[in-house]
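Note that the protein sequences, when read in sequence, are chains A and B. Numbering-wise, this note's numbering puts 455 at position 43 of the first sequence, and it's gapless, one number per residue. Numbering-wise, this note's numbering puts 149 at position 147 of the second sequence, and it's gapless, one number per residue.
In case anyone wonders, no lab produced these hints; they're calculated from the structure. Any given hint could be a false lead.
Pairs of lysine-lysine, DSS-like flavour, derived with a Cα cap of 30 Å [as the list claims (entries may be wrong)]:
| # | chain 1 | residue 1 | chain 2 | residue 2 |
| --- | --- | --- | --- | --- |
| 1 | B | K111 | A | K535 |
| 2 | B | K190 | B | K4 |
| 3 | B | K4 | B | K115 |
| 4 | B | K125 | B | K111 |
| 5 | B | K4 | B | K111 |
| 6 | B | K30 | A | K469 |
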Amino acid sequence: MPEIAVRKYAVTVEEIFHEGGPAAAVPLKRGAALAVIANPYAGRYVEDIQGFMDDLKPFGLAMAQRLLAAMGGDAQAIQGYGKGAIVGAAGELEHGALWHVPGGYAMRELLGDAKAIVPSTKKVGGPGTRLDIPVTHVNASYVRSHFDSFEIGITDAPRADELLFALVMTTGPRIHARVGGLKASEIKGEDGLR
Amino acid sequence: MKARIRKIVTVLDETHSELGRPVSPPIKRAAAVAVIANPFAGQYQDDLSELIDIGEELGDLLGRHALAALGIAGDAVQGYGKAAAVGEDGELEHAAAILHPKLGAPLRKLLGKAPALIPSSKKRGSLGVVLDVPLGHKAAAYVRSHFDGMEVRIPDAPRAGEIVVAVALTSGGRPLPRVGGLTHAEAKGEDGLR
Numbered sequence: 413m414p415e416i417a418v419r420k421y422a423v424t425v426e427e428i429f430h431e432g433g434p435a436a437a438v439p440l441k442r443g444a445a446l447a448v449i450a451n452p453y454a455g456r457y458v459e460d461i462q463g464f465m466d467d468l469k470p471f472g473l474a475m476a477q478r479l480l481a482a483m484g485g486d487a488q489a490i491q492g493y494g495k496g497a498i499v500g501a502a503g504e505l506e507h508g509a510l511w512h513v514p515g516g517y518a519m520r521e522l523l524g525d526a527k528a529i530v531p532s533t534k535k536v537g538g539p540g541t542r543l544d545i546p547v548t549h550v551n552a553s554y555v556r557s558h559f560d561s562f563e564i565g566i567t568d569a570p571r572a573d574e575l576l577f578a579l580v581m582t583t584g585p586r587i588h589a590r591v592g593g594l595k596a597s598e599i600k601g602e603d604g605l606r
Numbered sequence: 003m004k005a006r007i008r009k010i011v012t013v014l015d016e017t018h019s020e021l022g023r024p025v026s027p028p029i030k031r032a033a034a035v036a037v038i039a040n041p042f043a044g045q046y047q048d049d050l051s052e053l054i055d056i057g058e059e060l061g062d063l064l065g066r067h068a069l070a071a072l073g074i075a076g077d078a079v080q081g082y083g084k085a086a087a088v089g090e091d092g093e094l095e096h097a098a099a100i101l102h103p104k105l106g107a108p109l110r111k112l113l114g115k116a117p118a119l120i121p122s123s124k125k126r127g128s129l130g131v132v133l134d135v136p137l138g139h140k141a142a143a144y145v146r147s148h149f150d151g152m153e154v155r156i157p158d159a160p161r162a163g164e165i166v167v168a169v170a171l172t173s174g175g176r177p178l179p180r181v182g183g184l185t186h187a188e189a190k191g192e193d194g195l196r
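Using the sequences provided together with the hints, build the complete structure.
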């Protein structure tokens with residue numbers, strides 16, 4: 413199995429007090445943990461890449477722990493999540509897809525019985541590429557107030573032979589959410605949707 | 003609090019290796035960035051004392067945020083810098099009022115012995131504008147290994163009537179410094195220069 417060679421980590425946390433409307437009693441937090449690692453498959457086509465997903469599981473969990481700590485440390489406070497990957501130019505979009513399983517595993521392992529799919533996006537790009545990571549409610553994908561996205565990126569990454577992996581968490585709905593739809597308080601089922 | 007804060011964003015990066023060479027211990031750099039209302043947007047105001055007082059508040063507030071993100075004691079901080087971006091309805095002088103007269107004193111109070119100039123940059127710009135925060139050694143401005151810059155960017159700020167204010171703190175200099183000059187170990191820290 414390839415070793416995970418980390419070049420750098422980055423963590424960003426936003427505390428949002430208002431966006432022109434009434435200030436929230438408790439500010440909304442949105443945060444991202446990013447990791448820049450060497451792409452073990454850069455520069456050539458490798459057929460069997462699945463083993464790397466297992467290597468990435470504990471790594472992803474450590475990233476999620478890093479993010480949760482930056483957001484205050486309370487897993488119960490996390491209401492929304494998302495994940496994403498940027499593959500450097502000498503890699504393949506499929507290398508970004510390696511993040512699906514470990515990224516989702518990392519969130520669920522940390523947040524208990526989160527039921528909804530962890531929304532995701534990915535692309536191939538150069539250093540400084542920005543990625544808008546979709547965010548939805550952790551237990552019911554259709555909760556409209558929690559549909560959001562969080563822009564991430566690192567000026568000097570990913571280099572051609574690197575992978576940039578991202579996890580995003582939020583502590584609540586959009587700061588002035590008011591377009592109706594399913595509310596978090598109305599979540600019924602156990603299907604991760606409604 | 004005089005400042006009307008819309009949000010506070012903290013960013014932490016940790017460099018573990020550079021071109022495959024380990025950086026040990028990893029270099030940490032944190033920036034705390036506030037998005038505030040510009041009380042003088044759209045009008046010429048001769049007396050900028052309100053912004054000067056806001057700068058004093060933010061020196062303490064953002065210093066504390068950045069220090070918390072670094073996770074080290076104030077004494078252990080080695081480098082610092084500051085910057086501001088004024089939205090399009092404001093004036094470059096508004097950034098100067100925040101940054102220069104009073105921001106430094108409360109920030110230095112958090113950091114032990116910090117007599118060196120806090121390097122700064124400013125600009126007027128639109129949403130998503132990039133700020134390159136210059137960095138220097140806190141005790142001796144000539145320490146060459148600590149000349150650096152940290153890029154910060156907030157996708158949705160500054161709006162026309164806002165100002166983005168950033169304070170950056172570091173646990174060290176560049177990842178693999180080797181261009182000579184005054185070193186951290188040699189710095190006396192008496193006059194803020196050497």
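Now the hints, each set against the structure:
For the proposed pair K111 of chain B and K535 of chain A, the alpha carbon gap of about 44 Å is over 30 Å, so the pair is violated. With a C-alpha separation of about 37 Å, the suggested pairing of K190 of chain B with K4 of chain B is violated against the 30 Å cut-off. Annotation: proposed proximity of K4 of chain B to K115 of chain B holds, straight-line Cα distance about 28 Å (limit 30 Å). A C-alpha spacing of about 27 Å is found between K125 of chain B and K111 of chain B, which places the hinted pair at or below 30 Å, so the restraint holds.
Distance restraint check for K4 of chain B and K111 of chain B: the Cα-Cα separation of roughly 20 Å lies within the 30 Å cut-off, and the hinted pair is therefore satisfied. This hinted pair checks out: K30 of chain B and K469 of chain A have alpha carbons roughly 25 Å apart, not beyond 30 Å.
Comparing the model with each numbered hint stated earlier shows that hints 1 and 2 do not hold.
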